Amino acid sequence: MAVTKEMMEALALSEAEYEAIVERLGREPNELEVGLLGSLWSEHCGYKHSKPLLRMFTTESPRLLAALGAENAGAVDIGGGLAIVMKIESHNHPSAIEPYEGAATGVGGIVRDIFAMGARPIALLNSLRFGPPEEGRNRYLLEGVVAGIAGYGNCIGIPNVGGEIGFSPSYSDNPLVNAMCVGIVPKDRLVNATVGAPGNLLVLVGAETGRDGIHGASGLASRAFEDRQDLRPAVQVGNPFLEKVLMEACIEAARMDGVAGVQDLGAAGLSSASAEAADRAGLGAAIDVSKAPRRETAMTPYEVMLSESQERMLVVVEQDAADRVARVFKKWRLNSTVIGHATDDGMITVSEGKDARGALPVSLLTDPPQYRPQGVEPERQRELRAYGLDALPLPSEPPSEVLLKLLASPNVASKEWVYRQYDHHVMTNTVAGPGTDAAVLRIKGTRKGIALTTDGNGRYCSLDPYQGGMIAVAESCRNISTVGAEPIALTDCLNFGNPEKPDVYFQLEECVKGMAAASAAFGAPIISGNVSLYNETRGQGIYPTPIIGALGLLDDVTAHAAMAFRHEGDAVVLLGAGNVASPTASLSGSEYLQVFHDLVAGQPGIDLELEAAVQKCCRSAVREGLLKSAHDCSDGGLAVAIAESCIAGGVGVTIDSALSGRWDAALFGESQSRIVATVSQSQLPDLLRLCGDLGCPASAVGTVGGDSIRVGGVLDVSVADAAAAWRTRP
Amino acid sequence: MRFGVVVFPGTWSDRDCGHVLKEVFGQRADYVWHEETDLSAYDCVLIPGGFSYGDYLRPGAIARFSPVMRAMEQFSGGGGLVLGICNGFQILCEAGLLPGALMRNDHLQFRCQWVNLRVETTASPFTNAAEAGQVLRIPISHGEGSYYADERTLRRLNEDGRVLLRYCTPEGEITPEANPNGSLGNIAGIVNERGNVLGMMPHPERCCEPLIGGGDGGYVFRSILEHAAVC
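Protein chains in written order, with this note's numbering: chain Z, 5 to 734; chain B, 2 to 232.
Hints listed in this document are in silico derivations from the structure and should not be mistaken for laboratory results.
Model, not experiment: these values are computed from the prediction.
The beta-carbon is built from N, C-alpha and C at its ideal position, and this holds for glycine as well.
Please note that a few of the clues may not be correct.
Below 30 Å or equal to it, Euclidean Cα-Cα: the simulated DSS-like pairs (lysine-lysine) are [claimed, not checked]:
no.: 1; chain 1: Z; residue 1: Lys505; chain 2: Z; residue 2: Lys9
no.: 2; chain 1: Z; residue 1: Lys448; chain 2: Z; residue 2: Lys409
no.: 3; chain 1: B; residue 1: Lys23; chain 2: Z; residue 2: Lys335
no.: 4; chain 1: Z; residue 1: Lys448; chain 2: B; residue 2: Lys23
no.: 5; chain 1: Z; residue 1: Lys334; chain 2: B; residue 2: Lys23
no.: 6; chain 1: Z; residue 1: Lys452; chain 2: B; residue 2: Lys23
no.: 7; chain 1: Z; residue 1: Lys191; chain 2: B; residue 2: Lys23
Partial list, derived from the structure: chain B residues whose beta carbon lies under 10 Å from chain Z [said to hold, decoys possible]:
no.: 8; residue: Ser14
no.: 9; residue: Glu24
no.: 10; residue: Phe26
no.: 11; residue: Gly50
no.: 12; residue: Phe111
no.: 13; residue: Cys208
no.: 14; residue: Glu210
Between the sequences and the hints, there should be enough to build the whole structure, so can you do that?
See below:
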């Protein structure tokens, strides 16, 4: 059958790409072969626009066990023979069409990436972005996504310990649903995603293969399109129970000798799973599609190879271990079927019974063209950066009213109404759960703990993608340091618009540069991640939004800090600044500017050297037991950070340092590299000495006590009123 | 004591229970596969939380037919202690080992949060280490925990002192606001007529160590151990 224009359209394969295929192959591919190539060469699987950029990330770390792109997920050594495995991944496009199943299968996919490594998943986090929640469609997407995450995550028994939710008109109709999963495994039991050696058996385990999700990777996630409702059938339906059983069985199997590799069937299903696993071993694979258990009749080889049916794994087993491993899957009542074997010919060969259906070199499948177009800075971005913030009028409301309104803004307000729908206690490791700067989990059988967070600020990146990229990494590491943990690894999800547009490509390139610079500065390598492009609606790209997931390590999990002010009389110390003043420029891209001036403008910025000193100082202070509390200053600035610590502790504060400059900048400016900490009066000199030793600017600015939040004689709000505003549900 | 912890496909609190029994209380605990037909080796069997067989039909509706639940009938009939937590409570009701049913939370959402529970009676193998009226802080995590029973059953439960735990305020008052799921009478945990089978929606195994938020769940396990020591 000839390859038609419609097929190429469905696969998002360009004519130039098709010509390149014919040339490299030396012949016309058949229909099945085009399907395989189209899927693997899709932006989603092939990273055509991002691969050259991702090489900028440093991955050097003595802890590194599995680097970016090398396996299903990244892995680092945390000592004591243990490894942490982690990854973040997007499910934006499916969630935009069918929010419940889109989000649910996003969780399912990322969890499979973790247990494919032989690791037991121990935590989930979610970074979500939506349009303004008062609009009907956005509300529907928000509620559907949250319900989907809850429905799937709760059923599989992995705690959902953190993440964030942000709102901006930029994400209307195109929500961001980034799911992160973290697992743990004895490091000598890490499993590779490889076919291992020729002759090894390829065993398809889990769900039966259906027609769902065909062209999910290529059609849905790799191009811009107008009416997405037509693509609803390209969204898969999740079965969390099957996932749970599959997880237990795979972890059990991974501990057995004779399991050579495990590969998740995600985007592009069997075609990418087999090609990637073969590629890692420098081998080939032969697959007989007639062997694959189906849930539908009369499926073609094309459909079997491209199906994105969920809850399936490819387990590679040495021949003499086959029976032993099969018994494990039988015990869990799972299908496990030998569908092929590893070969030494470097080809992916597909047959249907005795009939050959197609054969392609692995090297062609896994080596799509790479594009590095010339990015152009958007004119609008330059203008907004140069905006004269000094000329902005002060708001008509007094500072206290401004604080209450900011606390109630959907970006700042409590997200408890969301996370109480997620099980965050199961597995009994949760020392600090959602609603904190970073979640803290104990590692059973050790004194250690890990800290986890996700962060990303699209507004900053839209104004200055380079600085915004640095800030995203810096803030995630700051959150980790705030609880006292050392940031040791990062995972990232790059959410951007259409990379074929020069201004979007510029944003992507600059963001990646900024992230790479900050990652190197903090010594925290990016070990895994995912790229989601073509996030746009009606031709308008979303804010460039890199989301960073960070992992921190605590040698002693009992020595960690929390955000709540605790004791009357404790001194409030601002780490990272000599006083409470903040320049007008700190309003750039701030929540305050958006809420009160309906404006996203200015020049955000960060000093990485200062940032590193502040983080190190905070970690040292926590480790030495000096701090009673610590909380990162971010959205809403100093006043919001202080209010959040008061609400969490149920106690007031008096900041007696005089404000200088504009009060809106001093209270609500978002200068980076600041942490609000408290210390007992008797240990205040010790803390300030430590700050001096470590080159961290710091100043004692006030005292915990009373039942009001008082700042500089200009702001006075009762903790009860602040709490009520903060608990406003969008 | 020797504990058995039942594992269905889809159970997820099994290892949490095993951890508490072994690491916190130093007891012997085995995981018992759902196909097991003999529980006679155990002094106490736990049915942990989770989504047994996916619970797509109705929580516990499939699990009640499993071999281990037939063995459970025999085990509890012989006086063995059974503690069903969350999904375990749902399964015990479906199996008819406890009266009533657990329905969808009245607000129709899953809830994971800390709740306060008033200990209604200490004349039980599961609460004897606590004091009557004591308020325990223990987390819940469920979508279908709204306890329902007909009036006659409720009256009997109350009259016989078989309601062990009720959702309450931090001060111990039984109010609608303190009820996280719409359970009749704020019921959080009940025992069978003989008093050896407890079903409760909150998760005591999640709060036996101060590091992860509290130790009040320990009252339930200490009660079981003290009961066994006396018997």
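| task | Please write out, lowest number first, the hints stated earlier that are contradicted by the structure. | result | Hints 2, 10 not satisfied by this model.
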